[in-house]
Every structure is written in C-alpha cells, then in structure tokens.
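Enquirer: Dock chains B, C and D against the given chain A, drawing on the hints supplied.
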Amino acid sequence: MAWLMAILQTLLFIALAPLLSGWIKRVKCRLQNRKAPSLFQPYRDLRKLYRKQPIVPHPASWIFRAAPYIVFASTVLAAATVPLAAIHLPTARIADVIVLVGFFALGRMFLVLAGMDVGTAFGGMGSSREMTISSLAEPAMLMAVFTLAMSAHTTNLSQAVNFVLDTGLVLRPSFVFALGGLMLVAIAETGRIPVDNPATHLELTMIHEAMILEYSGRWLALIEWASQIKLMLYGVLIANIFFPWGIAQTFTVNALALGLGVITLKLAVLAVMLAVSEVLFAKMRIFRVQEYLSFAYLLSVLGMLSHIILEAAR
Amino acid sequence: MSLFLAGISVLAALLSALAALVSGPNGLLWHGMLRWVGQATFRPARTNERLTPGRFSRLARTMPFVLLGASGGFAVTAGLIALLGGATRTVTLPFGLPWLNWHLALDPLAGFFFCVLGIPLIAASLFGPGYVREFEHGKHKLSVLGLFTGLFVAGMELVLLANDAFLFMIAWELMSVASYFLVAYQHEHATHRRAAFLYLLMAEIGAIAIILAFGVLAGFSGGLTFEALRSAALNPLWASIAFALALAGFGMKAGLVPLHTWLPEAHPAAPSHVSALMSGVMLKIAIYGFIRFTFDLLPSLLWQWGVLVLLIGSASAVLGILYALQQQNLKRLLAYSSVENVGIIFTALGLALIFQSSGQSLLGTLGLVAALLHSLNHALFKSLLFLGAGAILHQTHEQSLENMGGLIHRMPKLAALFLIGTLSISALPPFNGFVSEWLIFQTALQAGSIQSGILRSLIPTASAVLALTSALAATCFVKVYGVAFLGLPRSRHIARAREIRHPGMLAGPALLAACCVLFGVLPMPLINALGALTQSLTGFVLPNISALGWLWLTPVSPEVAAYSPALVLLGTVAVGWLCYYLLYRRTGLEPRRAEPWDCGFGGLTPRTQYTSGSFSMPIRRIFEPVFDTRETVEEQTEGPASTRVTGLRYQFQVLDRAWAVLYEPSGRAVTRLARWVGRVQTGNIRTYLGYAFFTLIILLWVVS
Amino acid sequence: MIAAYLVLVIPLAGMAILGLLADSRRAGRINVHCNAWALAASIWLAIDVLVHGPRLSSGQLLYIDSFNVYLIVLTAFVGLTTSIFSGPYMAHELETGRVNVKRLRLYYAMYQGFMLAMYLVLTTNNMGVLWVAMEGATLATVLLVSLYRTPESVEAAWKYFILCGVGIALALFGTVLLYFAAEQKLGIGGNALLWTVLHVNAGALEPNIMRLAFVFLLVGYGTKIGLVPLHNWLPDAHSEGPTPMSAILSGLLLNDALYAVVRCKMLVDGSLGTQVAGYLMMGFGLLSFLVAALFLHRQTDIKRLFSYSSIEHMGLMTFAFGIGSPWATFAALFHMTTHSLTKSAIFVTVGHAAQLAGTQRMDRIRGLILTQPAIGWGLLIGTVAIAGFPPFGVFASEFLVLIATMRDYPWLTPLLLIGIGVAFAGLFRHLQLMVYGDVPEGQKPIPANLLPVMIHLALVLWLGLSIPGFLGDWFSQATQLISGASPL
Amino acid sequence: MDFAELSLYSQAVLLLAGLIALTSFLMLGQSRLVRLVLVFAIQGILLAATTAMVAGVLDFPHLYISAGLSFLLKGILIPVMLHRMIYRLGLHRELDTIEHPARVMMGGAFLVVFSYYVSLPVVAHSPLVTLNAIAVSLAVVLLGMLLMITRRQAVAHVVGFMSIENGLFFAAVVSTYGMPMVVELGVAADVLVAAVVFGVFFFQIRESIDSLDVDRLSKLTEVDKP
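Residue numbers (my numbering), protein chains in the order written: chain A, 1 to 314; chain B, 1 to 704; chain C, 1 to 488; chain D, 1 to 226.
Just so you know, the hints here were simulated from the structure itself, not pulled from any lab data.
You may find that some hints are simply not true.
Stated by the list, open to error - Here chain B is said to cover these stretches of chain C; the calculated rule only asks that three of the stretch's residues, wherever they fall, bring their Cβ under 8 Å from a Cβ of chain B:
(1) 156-163
(2) 217-229
(3) 389-399
(4) 417-423
(5) 455-467
This structure is a prediction, so every number in the text was calculated from the model and none was measured.
We put the CB at the ideal spot given by N, CA and C, even for glycine.
Just chain A, with the same shape it has in the complex:
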C-alpha cells in the first residue's frame, strides 16, 4: 500500500511538473502585460516534440542518445524521494537528501557530457558554465541542507519534515538563513533569471540551452520535462521543509486530499514569487554568478553558525 502510494505520488509529481511551468509562464506574462498562453501549453509542447523525428549530429556518440533517458530517470528518482503530499513513504528511505543532490549531479553529468559530445563550441561552452555554476551551488545547497539536518538530526527528508511538524512553529534563525540560501541555489540550479534565462537562445549568454542546443524530438521532450520536474522539486523542497503544515501524515483520503491541496497552493505562491523576481531582475554576467552563489553560500554558513551559536542547547 505504502509503496503504491509512493509510486502514485511520483507519477503525480511527473504529471504536475509541466503545469507548474505553465503557471509560472502565465503569471510572468501577466506581469509583463503580455497575452498569456494556456496553462497546458507545456503539455502541448511536449506532445509535439514527442512526435517529431529526432536528429543526431554527426560527431555524437551513444552518450548523446542515452543522456536524456538518464537525465529523466535520475530526476524521476529524485522526485520519488521527496515527499510531495504525504510523508512516511517508503521511498524516502532509498535516498536521503545527500543522495538527492547526487541524483541531480548524475543527471547534470550526462547532460554536460551530451553537450560536449556534439563537438560544437556551444556545447562545450554550456557544459563548462553549467559545471562551474553547479560546483559552486552544490556546497551552498549542502550547507543549507546540513543546517536543517543538524537541527532535525536526520538527512532523511521525510523525517526532517516530521521533525518540523512535531516541533511546531519555532522561529529558528538558522532556518531563515537556510531558506534564503536554498532559494538562491534553487534559482541557480534550475537555470532561472538572474543566473540563466531558459527562454533565450542568445548565443553568448545561454548556459542550459547551449548544452541542449542539438537536441530535438523526444529527447528534447525528456530533457525539458526533466527540468520542469527539477524546478518543481526545488519548489516542493522549500515548501515542505520550511512550511510543512498541511502535509499528510497518514494515508487517509482526507489527509491526502488536504495535503495535495495545500502543496498546490504553496507551489502556486512560490511560483508567483519566482515570476515576480524574474520580472524584476535582469540576467547577470557569467562572472558575477560567483558573487551571487557566494552570497547563497554565506547565507547557508550563517545558518549553520546561528544553529550552533544561537540555538545551542544549554
């Protein structure tokens, strides 16, 4: 039963991810006084791509073909371990939050390799930048996660959420810092403004898009879908770790429905915040990203230190 729930939740995750992207786009359009596409436009895009014949560039090898599947699979696995609407799911035991970071790294690795596989300047450029940014973002993220883990005495996400629920509303300074750090990292890792702009193909500034420039057809669909899941993953992480209230602790229909409704609401709010920030800020130069990420790292470190200094049990 629990396993079934876990699989269902994962499927739900996969299914809902494009919707979130559609929602963000819609909010953004509204904010920019543009006419918004349908909320389901991402699904239509995916379907269209799925039907197209994919193209393999000449220099590419099997890595290029395999990468989308691995990227998608690793993202799905990551999604499986994050509690969406309910906690105490058995999948949470397969992997903790460190493994989650590992899943992201695995997917990224293959994406980057695929970018280098095509042998173009763009592929290499995107790969190089992606790795640079992620290698700075990863410690910041882990640091934020560690702050949480040290408070909760666990790296298991389900347990951590449970801990926050159990302790109730506590104004932990460390959580505030960690939240800030994690949000900044999330923006960097999902390739949003001001670090990267997913909507542009401007040659010299793109990062994520540069890597996948040669992808087409179903492969592109998989990659796009995976990055939508990833975006939602970060949203769920932030929402459920720091504001877990409402999440289902038992597998009753009521609780689950409540949990689902609450998480939808939380994600919607987060999406609006993201859209607003994307409208307000402009994309940074690539070598200013390090300052941005060091700030994220600083926030995480402050979170850790405040956990040790301010929240020390006497």
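Expert: Relative to the frame of chain A, chains B, C and D by itself:
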C-alpha cells in the same frame, strides 16, 4: 593460514622480480653475463642473436606479470581470510638485527589493505603484458621494469605485514626506492629524471620523519616491536610530537598539501600500470601507515590532532582538485586528483580522530569505516583511470588532453570502462565513490553530538569544503571525459587511434570497473566485513549499519539516514528503460543523422571546440588566487626593424603555488648556504692550518 | 696468535717484494696474492678469537678483541677486492701514460705498506705504536696521492702531508699526556701505554690530564677521520690520487682513525665518568655531517663528491659514538663496516666511470647506464646504498642512529633530518645526470672488472637483511665494551 | 718553593726550557730561510741536550739513545738536508717576510700564557717540579703551528712541523722521561721518512708551480671561481 598466503604473495612478487631479472635475451643478468664474456675476450657489446624474439620473449614478458597476478590473488585471499577471520597471526623471521628479528603479523587492518592492494594488482598484471610490449624494442630493458615492479609490490606487501618498526621502515623504503627506479625508467626525458629525484628526496625525508616518530615511541617503551611501541607511556607533548612526525612522514607519501608536489611529477612519469599501482595502491599504504600509527600504536588520541588532520585533509582535497582541473596532461591530472582523494580520506580520518578523542567511539568508528571504504574505492577507480590513460597512451602516444577528442568512436570499449571510472570518481550514485563520500557526510553531520562549539562549527564547514570538492571533481572528470572521448578529434593521430587488441589490456580495467559497480551497489557486505577491524582499532562495531536489511545502508540509525544503492540502480534502470520503451519502441521514429549547428560558417572543425583549457577557464578565474598563472604573449614581427605584427604566440601555464612558496625557496636556501659554507674551503693550506690551530685553542679553552 | 703476526708479516714481505720487483704486470698479481693471504690469515685470526675470546700476544704488543677483529677482516677484505680492481685499472693508467713503470712499482710497494700500517693500527695494544702506525699510513699514501705528478695532485699531496702531519703530531702530544697520566698511577715502565692496562686502570687516571689528552687526540686523529673543520685535506687527496687508493683511504684509513679515537674515548670515559668526550665527538660529528652535506651540492668532480660523502658518514659515525648509548654504538660499529664496503665499491665504479668518460668532471660524464649498464647500475645502486636506503646495510645503522638520537637527544633530530635530506639531494642531483640519459657521442664501453663491486654490494645487502650470528655477537660485545651496556 | 731552592738539575731543565721557547720565538720572527734552519738546528741540539741531561742525572739509560737520535736527526741530519735543499733550490737569497711581525709576536706571547693556563691542572697534580716545563713544550707546539700559519715558504712549513715534533719530544722528556723504546724508535723512523718525503715534495712542488710558495697551491678549493 592467512599469514602463510600473505607470505606466498610476497614471495610471488619477489619471484616476479627475479623472473624479470633472469629471463629473456633482454634480461639483465643474462645480458650482463654475455657482456662479461664478451669483455673477457675483449669483444665488448656483441648483441645476442641466438634467441630470436618470439615465443621465448613473450614468455619472458608475461612471466613476471603472471607471478604478479598470482601475488595479487594470494594477497586478496589472505586479506579476506584475515579480515573475515578477525584473528591476528604473527611470525618471526630470522632476519634483521641480532636482537630485533623481523616480526610479521597479519591482522584485519592489514588484511583489508591486502585486499586494497590485491585487486588493482591483479588488474595491473592483466594490463601489463600488453602495455610493456612497446618497451621491448626500446632503449630500456624490460627486465629492469619487471625487477623493480616486483620489488615495489613486495615492498608494499611487507609494509602491511611488518610488525616491528625496523622491518616496517625497510619495507617502506624498499617500496620508495623500487618505485623511484620505475619513475626513472624512461630516463632520457629530463622531466622524468627531475620527477624521480624529487620523489626520492621527499620519500627519504618523509621516511626519516617516520623513523623519528617511531623513535619517540621507542624512547618511551624500550623496544621496537609494535607490541612494545603500543605500551609506550607518553605524555601529551611527546605524543603530539610523534603524531606530527608521523603525519608529516605518512602525509608526504600520501601527498597531502603542501607536501604533494612530488606526486603530480612522479606518477605521470612512470609506465602506466605502475602509475596505477602508485596512485591506486601506494598512497593507500601511506594511509595504512597513518592509521596503524595513530589508531593502533599511539596510546591515546587528542582532538587537536583531529582538527589538524581535518584542516590539512580539506585543504588537500580542494586544492588537489582545483589543480587537477587546470591540468592538460591526463596522467598529471589523475595524479592531482589523487591528492584530492587522499585529502578526502584524511578528512574522514580527521573526523574519526575528533570523535574518537571526544569519547564518541561509535562515530569515530563510522569515520574510520568511511575512510577505509574510500581508500578501497579510490584504489579501484584511480587504478581504472590510470590504466585507461595508459591504454590511450599506448594506442596513440598522446598524454595531452588538448590533442585528444572523439576517442569514444575509435575505442568504444575503453570509453565505456573509462566512463564507469569517471562516474565513480565523480561520486555519483549508484557508484562506489558516492557511498564512501556519503558516509563521510553522514559522519560529519553527527557533529552535533560533540560538546565543543568550535568543533561543531568546524566540522560542517569542512564538510561544505568536501561538498565543493566533490562538485569540482565532477567538473574535472566531465572535462576529462568530454574532452578526451567526446566531440571531434583534435589531432590527426587521435583521429586514427585504434581500439585495444590485447585482451588483457581491456580485462584489467574491466575487472576494476566491475568492482566499482559492485561495491557501489552492494557496499553492505563490505562494510559488515570491517567489523573485526574496527573492533580491534576502536573497540566498536557499527551496530545499526544494516538495520533495514542488506539492501540498505544505515550508518547511524534508519531514522537518521538510509541509502539503498541497489534500489537506486534498479529505479534508474527501470525508469530509463520505461521511457525508452514508451518513447522509442512505441513510436519507432528512427533518429536522423545531420550536421550540428555551426552558426552558418560551413562545417565544424575541431578548432572551434572548447578545449580542456577553455573548459576550466571559469574555475581558474574564480579561484584566481590559488593558482600561479604565467601568461605570455609573444608578438612575431617580420623583421627586427619592422613593427608590423605577423603572428602572435600565446603561452599559458598554471603552476603549483607550493613551488614558489615552499620548494624553490628551500632549494635556493640550500644552494646559498652551500656557497657560503664553500668559502670556508679556500684552497690555501695556511687557512687550513689556522682552522686546526683555532679548533685546538678553542677546545683547550673549553675543557680547561 | 701466530695469525696476528702473520697478518703483519705478510704485507711487510709484500712491501719488500713489490719494492724490489721491476715487472709491473706480475706486481699486480703479487699484490692480489699478498692481500689474499693476509685475508686468509685474518680469517684464521678471527676464528681464533671466535673460539677463544679476546687474545693478547705474549709481549703484550698485540691485542685482538671483538672491537678490532672484525675491522681486521674488513680491512683485509677491502684490501683484497680493491687490489683485484687495481690491477687492470693501473694497467689502463700505464697504457694511457699517466704513470710510468717506476711509479707503478712505488704504487704497489706502498699499497702493501699502507696495508701493513692499517693492520698495525688495528692489532697493536700500545697507544704509541698505534700512533706510529697511523703516521706510517700517512707516509705510505702521501706519495701515492701525487702519483700522477699533475699540479693538482702535488698540491693535494702536500696539503695531505702537512695537515695530517700536524694533526698527527698533536695526537702524539695527546699520547704523551696519556702516558704521563698513566705513569703517575702505574709507575715508570713500558706498560703505561698498553691499552689493556690503561683500560683496566682507567678509573684511576687523573681526569684533568685525560681531558686535555683527549682534546689533543681528538683533534689529531680527527684530522685523519676528516672531521670538519680539519677535513680540508680529504677531498683533495681522494680526488687527485689513483682511484684504488681513494677506495682504501675512504674505506679503511678513515675507519681506523675513528677506531683510534674510540679507543681513546673508552679510556677517557673510564677516567672522567662524564660525557665530555661524547659531547665533543657529537659536536664534531654533527658539524662534519652537516657541512659535508652542504658541500656535496657544490661539487664538479666525481671523486670529490664521494669523498665529501665519506666525511658526512664519518661525521655520522663519530656522532653516534659520541651519543654512546648501546644502540648508537652498535649502529656506529655496524656503519663502519657497511660504509667501508659500500664506499670502496663506489670508488671502484667511479674509477671505471671516469675512465669511461675520460675525465672526472661530472658534467662530462653522462649516460652511463646506456653506455655500460654494469657501471651505471653499479654506481647507482652503490649510491642508493650509501644514501641509506634499505635493504642495504647502511640503512640499518642510520635507522638505529636516528632512533637512538630521538631517545637521548631529541632536539638534535631536526638537524639530522635536514642533514640527511640535504646530503641525499646533493648526491643525487649529480648522480642522476651521470647515470641516466642518452649516451654522449664517442663514449664506448671499456673493459672493466666489476666483481669487487658486486661482491661488496651483495655483502652490504646481506648485512642489511640479516647480520650473521658471529658478527652480531662481536658487535654486541664491542658495544658492551664501549658503551658499557648491551644493546639487547 | 723558591726557584733558588731547586736542585741544580731542575734549574738546568727549566733554563733549557726557556731557551727552547726562545728558539721558537726566534724562528717565528726569522725571515731568512737559512737562518731559520740554523735556529731550528739549535733547538734540536738543545732538545738533545735536555734529553741527555735527564738521562744522565736521573739514570735512564734508554734516554741516551733517544738523545742521540734527536741530536743526529734534528740537530744535524735534517738541518743539513734542508740547508742543502735551500741552496739547491736557490732559495737562500729569498726573504719570507711575515705581514704583521708585531702582531705575530704578540700572538706568540699570548700563546705562551695560554699554554700555561691550559697546563695548570696538569701541573697541579704532579710532584715533579720540572713539570712547569710542559707549558713551554705546549707553547712550542702552538708556536710551531703559528709559524706554519704565517709563512708562505714550503721549507718554513717543514721547519715549523719539525719544531712541533721538538715540542712534543720535550714534553715527553720532562714529563715522562721519554716514551717506551719501541715507540721512540718508531717515532724516529717516522720523522726520518717524513724528512725524506719532504725532500721529494720540494722537487715535485718546484716542478709543478715553479716556486715553493704554498699560497700558490690553491687550485683545489670550494670557493666560487669568478
């Protein structure tokens, strides 16, 4: 039984050295004897033509490797028996000093490292016969290579077996000297000579530091056997001195920053199967020595040591990988990455020390297990990568990443094996590198249970550095794989590279790759096997490690953290296959080959690709202060009077800061001091008489 | 005791025969024979001592105990192997015209003369005779240093003669003081210079006089050991003389001078009951060790290089004897053996290498391994052994010295560490360039007899792996004798 | 005890000691080689005389042999040899001036005081009155070394060397009434051979550098060559 097998393993290694020495028309003794006969009749250097190189030479080439492989096999068997059996076997051999014979012992710790040694050794001896074929007609005798490889392996095995300080040092130095000759094997290159010199010099200084560390213990105990040394009653000051000396000595061998500079010079210089052993195994022997000395011989531990080790380990890890990122030479890059991994291992050991000394023995045990596991894992994947680099070198005679590219098309099998190594070393789930790093993170996260607030804040910071390191490691190895194997070939000889034909040269890496996957997916049996080891060193066995069954890894308790690599692999494969099935099998849309986007310039050339140097440029720019970069732009003009620039020559070099800070000044200081002292010897006999005169006067004055 | 007399008579006879014999070709063979017989006699002597314990000759003139018996065998052995090497070597020198037949005769006669002096130094029981023999050794070798009659060799010989002469004269003054001190207690007569008598009565000797005497003896014999700052003759003499002579100077003479100092130290320690002698020796030893290590970096001549290495090792031994603890003493005794075996082997290969390249300048000696592997590897392995790498014997003694220093004088260990490192770098920075690399043009293999090298290195290897029981016993007994405690 | 109360023998020994020290000083200040050798001969004869006197007064017959050897070797043979050598090598007209004669003499005087200071503990433990002379013999040894340090001529070095030996012998005679016979003979033989070898060297040096100036024997050095 276990000790007997270990002994056989040592003997096999020595026999392999002997076999190399006597065998073949290329053999040293044989050759030397012929020379001798030739000289006796004053006909020097007549080449031997009686034995045509054919079956005999092949036998001569493979025989040492067969014996080495046997040595590896026995080593693994002996190690497993010792590790699982948990008992310590000792024996005394009638060698050495009159009152200090050679004491040998095999306990679980040594047994574990026997396994660490054995697996790469088997792989290297599978790889070797094919690899050394090209040396057969070179200037340098194969027998020299075989002789010192055998001695090198025997030395490492004896280090593990040694149960007294004297034998330990003999074996230790034997290992150093033998590997010195291997580094200097192709000695017509000045860089190799330099590397060998630096290597042996640092090995010597490190060895003296270790001897002195033993000396401190011996001074307080009165004997040189490990048993006697364990009983030394040290005060904290002397214990700290002993510890510092041991850290310097073993750290120098292991390649800790800033004592690492020999490593990136020496490892690339040796033949590749030896590099694999040096980087994969020899560094682990140094770690063994450190563990043996710290956890076993020293009577008590201080948390300050742990902090020191943690700091040095973290610095080595992050600096090692930053320098690795900037390397263009593949083997050099791998060597710097070894510095990084040793740093990670020492970080774990530092954690273990801190926990152990703070009374949290269980967590200390966890840290130790993480360190041991990472040692094994690093031995596996680093040997795999070095063998892979060796295979590339063998097929293309190319070491520089800047000239590689697209090898996945030319050498698909090797590319697949190398990819496994790359994923493992980048610490990606579900491969083995991830398991050990995960354990280290888990250890670090238990910092909350320590009383001292300073330590509690230090440890997470160190683990964040570790996170940075592993992210950078991923970047580094993406670069390696992407530049070497993917994209378009950057030079003509790479474009014409051929797949390896010698089956052994694939079997060796394949064995290691299989182990990487196996230990990545099923680490549980391995960790359980370490029980006897930790019991003897820290007095604890991890109790909850398999609380959820053999599929799950739960270092502290199921509530705190759990990880199931097997299920991760299963899930990844299932999802991936499902997508593949749904998206490809069901639609049947075959992909089409086409030209990639080239901005409309008409045809891609390899020159437009990102190179190794450009890939790592952002990192270089971000971490600017760490590197000693030297950039020169040379303008080429038509003539001396002309100002028109016809071409530009751009040169770029990233140097290790340790050189400018530590090594060059000390080298200069010695030279200056020598010059200064040299003035004493004027050449004038009257000055010399004056020295004798004043010496006498001063001494008379002193004693009366 | 016949064996002891034989050991002395054989080289005496050899000196006479070789001095009168004109045939240079046969002279080489006779030289080998003399040494072989001397070796046989010394082995007989050794067995005698092994069976019966320390032996005192009837006139109390000769005394053999476990301290000197192995040095006698070692001397005979190195003398033999070096003479085996010196035959073809000197023949080559004769062919190239560097020496003539007359000088060759002098060479062979003085070779035996030197051996005689060495045996006498080791066997005698009389401190005065010891001095006479030591001076005799100088006189025997000084003309060999200038054998080639080049300006440099004459200069070297002159310095050798004057510096060692003055030094040894000071040692005589020390001996006179020793005699004086003894005479006050033992009365006037011939016995007051006998070491056995002195040693028994050491406790009764007047400490003030003994202290002065030791200063003179140390400065005097220390000149011969090559202790800094009295060492200046040593590199000159080693580098300019014929190579076989460098081998025996480095391998034997230095050892014997150190032997003399240690014998004196035993007396002084017995008299003073303090560590003054030990401190002096430690100071000199350490200074020599460090300075010689630095000098290694500045060398351009291959034989000079290795003679500085000899100074360095003698410094280490002196230092170890100075520490005086059982382990250190054992180490020093063992080091005397391994160093002289290794160093003489190195000088043999160096001689061949210099003949191969036609020069002693190190920047012209290149690619030895590829030109003639036996010489290249011999030199390389020899240097590895002398640098103190196991499994060669030098390592064992360096190991013990380091451990012993750590036990007794830990604050000196950083100096030792630096010294060993600097010395190692100094040796190898030159050595690597010579043995490795490509063959320079026109360099061809030469006829060389590397049997002595192989035997020596094999012995050093054997000693490094395991010390034979009887030798270990001797070392232990000598340690007991010198330091007053057993290393066990 | 007052000097006047000593036995005549003791007074004589001490007088001779003073004379020997004087000869050492004379040698130190002498710039002509021929005269240097002459003074050295006188020193040898004084030494022989002392030995003979000790032998005669205290009845040590073996010291007569020693005295004879000293007289023959140091008083006659070696000076004559050196003298002939100087003429043969054409050095009899050459001056070997020392750079700072006053300072050297002051140094010499200091050495005598120093020797006295050093030998005090030795003297203190002996009933022999004549032992004060041991300070003089030490001074002679040190002065001999000083002579060698200040002189450039090889011949002067030989003289200095031999005068050190004289100092030693004097010490042996006054403190211990000579060494055992076998040692005496050995030492004498060594001195003889040394003298011969010196002779050989003069010619070798002459051949190689065309002079006997030891300052020019400085090819073998560790100083950086410009």
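Enquirer: Name the hints, by number, that the structure is in violation of.
Expert: none
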